[in-house]
Amino acid sequence: MNGPASAPAANPQATSGRRPLWMGEEQLFLLLAVIIGIFAGLAVVCFRIAIDWGRLWLLGSALAPSPLRVLLAPSLAGLVIAVLVIHLFPRARGSGVNQTKGALYIFDGYVPFSTVIGKFITAGLAIGSGQSLGPEDPALQIGAGLASLIGRRLRLSREKLRLIAPVGAAAGLAAAFNAPITAVLFVIEEVIGRWSAGILGAVVLSAVSSVVVERWFLGSEPLFRVPAYNLASPAELLAYAALGVVGGIAGVVFQKLIGGIRPRLKALPRWTQYLQPALAGLIIGVIGLRLPQVMGAGYEYIDQALHSQYTWQILGLLAGAKILSTTFSFSSGTPGGLFAPTLFIGAMIGGAVGGVEHLLLPHLGTSIGVYVLVGMGTLFAGFLRAPLTSVFMILEVSGDYSIILPVIIANTLAYLISRGFQRTPIFDVLSEQDGMHLPSMEEEREAVILRVEDAMRASGAPALRAEQAVVEAWSTVMDCQEAFLFVVDKSGRWSGLLKESLKLVANPDRPPLTLAEIPSLHPMPCVHPDHPLDIALRQIDDYPCLPVVHRANIRQLVGVITLDGIVQTYRNSAPPEDMSE
Amino acid sequence: MLFLGLLAVVFFALTGVLVSAFHRHQDHEGRLWFARGESDLGAGQAQAAIDDFRNALQFSRGDPRYHLRLIDALLAAQRTEEARAYLLTLWAQQPASGIINLQLARLAASSGNSSEARRYFNNSIYGVWEDDPMAHRLAVRLEFAQFLVREHDDAGAQADLITLAANAPRDPALLTQIGRLFLQAGNPNRALEQFHGALRLDPKAASAEAGAGLASFRLGDYRDAQRHLQRVVHEDPADSASADLLQLCTAILEADPFAPNLNARQRADRCWQDYQRAGQRLRACAQQAGESLDVPQAKTELQGLAARARLLRPRPSAASFLRDPDLMQGAWEWLLDAESTTAARCGPPTGADQALWYIARRRHEGSQ
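Here the protein sequences line up with chains L and P, keeping their order.
Number 582 marks the last residue of the first sequence (our numbering); no jumps.
Number 1572 marks the last residue of the second sequence (our numbering); no jumps.
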């Protein structure tokens, strides 16, 4: 594990000595989200310019650089990057998504500022020199690191400090993608893993403010100019389904390659790590001599593919070459992200499939650019395994709601195929390779939720009415086996009492009482059958059992849930082997 | 918090400096590549120009000139589909752009998609032009009219040309061009107005003079046509088309028995000469076709014409034409049929026969 042993301990109590007195921590957190968004946006703008300027210096200004530059730039930059990563910025390598998750789940929100600097320099140099990686993942980590620094300086509570890194991550990703919705969804789906109003508000605010800053400086032009689309015939959906299948298979191949080659390269002697990024750069340079499109993030080539500027054969070749070059770049430990290469590969596969379908089914007539667009989402779903984000990303990038049907069909198929052949998502594979055992968001999404109905049993006694006379109530339940009885009043409030207590007051010689007048009657909560079991566990407190009542008629008793029943249900649902990650 | 705010302001300012320096550098690179692209395109190296413009575009994607020149280069390299896809994307972003619609109209026109071409031409005419929209709209309208003429949509072309003529600046060359299009669209009257307008602005405009000659000829005003064409040929003897037309005009004017200012004798003489000329043409054509005209029973069109000529009573002669104006009418009907039939069987008439055909047709149209 490469976590910092020296991570400063966060204050477990909510103490924030540097916030204005009139401001609560919740308000401060939201205000901070905006400030973090501004800082992250500015940092990402500088990062993108650093990459572009680096590219101009290292590869020249032509889209197809000279052969000498193509061979030398990524190789020599690889050498420099290796030295920087090994000696100065060891945490700059690896996935920024996982490191942000690590900050959230392991290091109390701590992301060293040196990582921000390291990512900025090394990833900027790598991508600018033509290594086949993207700027989004580093941008995400730069955002997280800045947020963490600001949070620490303002002495936020541990809970807020943990959450602040994902807030910064969303800001960084949003600015890099120029797509706030995608960034928010991705961070919620893949980093935080849960929706809650507090964190969602902060993530949205930071993403929006960073995009505003980014657009202020770089303009609001989208990453791609997307061709117009309309669904001419429902038969087209079959073509998109085929694209989903191909995208899913490509996602699996890409995952297997990275998941297989990366640990092997990491296991090689330490001195080879000085050479690995350079060798990866050389391989990419050799590929780049014939296919310069694989170098760098490749957004301009996605744009060209969107406008049908390649034949399907070239598109297929580019997809394969990009898979190889990205595998080498990323596995060699060169800092940089997988988002842009994923989009590139998906786009090229989409275009190739579209081209073949044009040959086989010329009457469909949809522009290949639309397949390119759908293909991007397909690999995003199949490789990065973020199905929701993948759909919304395409909608946000295209600005065209009408494309939603093809995107949903293709992405769902790609996601299912990928899950079928590769159980562990790529981010989880990478975190395990890095020695971090982070919660798997996909597993959490897929986990079976236990509900009250799984643990409840039928009641052995009827529910009593609060207005009932004690004697009459006793005659109803005297033969029942239940030791605890439930009473409901006319407004649906539930109470409980021991059967023995009822027996004591049910003496015909005593003045007549109703159940509501019994002093030992205790109000108690009730649960519904569909409630998660977790809620029942928290509600049951010291009560021997809880009433499970009907949602449509809250005076109707459906069953009874006990602590024993809850524990037994949890036990029964536990997996057969240890799953402690 | 105050410190954070100050830090943000400083960071913002520094980023601004960095971004503006980078944008300047990008603009510089973009201009270099654009200039290289223009040079390559000018030298006919379309593929190199495509690469250059693409390089330029990566530095300035928002500059419409770069996009449009890339499209020009794609079209020059015969990469029509690529150009179309590119244009459609631009169009989706700027559906009201005049130049993008015009390029799409040209592409649609070249691929034979008439309805799409008309739609884009109209979009372009009423679209947004950043500089000198009036001139651009006139130029597009002119191009649209040329397209409609090629499409043989004479009514549509005339409607467009009327609007164009009403708004056109007083430029002799433009008026001449509009006049020629009116002629092609089958409206010699309006064409003549345009040519006259051009000649008023520039009396030495040879092209307008030639156009006026042609328009007058189409209108049957051979005298006026002759006058215009004589000036053209006088100024430019090498203008063979005008010289040929002038010759035809002269032949018509010399052969026309219905010309004003002829006395009855002259009219009858001309009619007799024209009748004889048509007879010679009929006999020559029959000989060329290997048919004998002296047959008791006519079996072919040529023989039928000969038989009709034999049946004309009184027998045509200069004297009988002078005596009997109705005979002249019958003879000219026969003459028109004879010239039309021989034209169909033996090729278009030339010289004096061509003049006769024009006279006969004009007379026939006049009588109808």
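Just so you know, these hints were derived from the structure itself, not from any lab.
By construction, the Cβ of each residue, glycine as well, lies at the ideal position given by its N, Cα and C atoms.
Please note: incorrect hints may appear among the correct ones.
Unchecked claim - Label pairs and their computed distance ranges (CB to CB): (1) 524/L - 1206/P: 18 to 28 Å; (2) 1390/P - 242/L: 24 to 34 Å; (3) 1297/P - 80/L: 53 to 63 Å; (4) 1206/P - 201/L: 45 to 55 Å; (5) 77/L - 1268/P: 31 to 41 Å; (6) 242/L - 1232/P: 42 to 52 Å; (7) 1266/P - 533/L: 28 to 38 Å; (8) 1284/P - 223/L: 50 to 60 Å; (9) 1220/P - 202/L: 51 to 61 Å; (10) 1220/P - 198/L: 28 to 38 Å; (11) 1229/P - 231/L: 37 to 47 Å; (12) 1214/P - 325/L: 28 to 38 Å; (13) 1284/P - 77/L: 22 to 32 Å; (14) 1297/P - 242/L: 50 to 60 Å.
Okay, the hints, checked on the actual structure:
Against the hinted window of 18 to 28 Å, the Cβ-Cβ separation of residue 524/L and residue 1206/P comes to about 51 Å, which falls outside the hint. Hint check: residue 1390/P to residue 242/L, Cβ distance near 56 Å, so the stated range 24 to 34 Å is violated. A beta carbon spacing of about 43 Å between residue 1297/P and residue 80/L contradicts the range 53 to 63 Å that was offered as a hint. The supplied range of 45 to 55 Å is broken by residue 1206/P and residue 201/L, whose beta-carbon atoms lie about 28 Å from each other.
Distance hint check: the CB atoms of residue 77/L and residue 1268/P are about 39 Å apart, consistent with the given range 31 to 41 Å. The hint said 42 to 52 Å for the Cβ distance between residue 242/L and residue 1232/P, and at roughly 48 Å that hint holds. Residue 1266/P and residue 533/L have their C-beta atoms about 52 Å apart, which leaves the hinted 28 to 38 Å range violated. Look at residue 1284/P against residue 223/L: about 26 Å separates their beta carbons, and that is not inside 50 to 60 Å.
Remark: the range hint 51 to 61 Å for residue 1220/P to residue 202/L is contradicted by a beta-carbon distance near 29 Å. A C-beta distance of roughly 35 Å is found between residue 1220/P and residue 198/L, which places it inside the suggested range of 28 to 38 Å. Restraint check, residue 1229/P to residue 231/L: a C-beta distance of roughly 40 Å satisfies the suggested window 37 to 47 Å. Our hint of 28 to 38 Å for residue 1214/P and residue 325/L is violated, since their Cβ atoms are close to 44 Å apart.
Range check, residue 1284/P to residue 77/L: Cβ separation about 42 Å, and the 22 to 32 Å hint is violated. About 30 Å separates the C-beta atoms of residue 1297/P and residue 242/L, a value inconsistent with the hinted range of 50 to 60 Å.
Hint check: violations occur at hints 1, 2, 3, 4, 7, 8, 9, 12, 13, 14; the rest are consistent with the structure.
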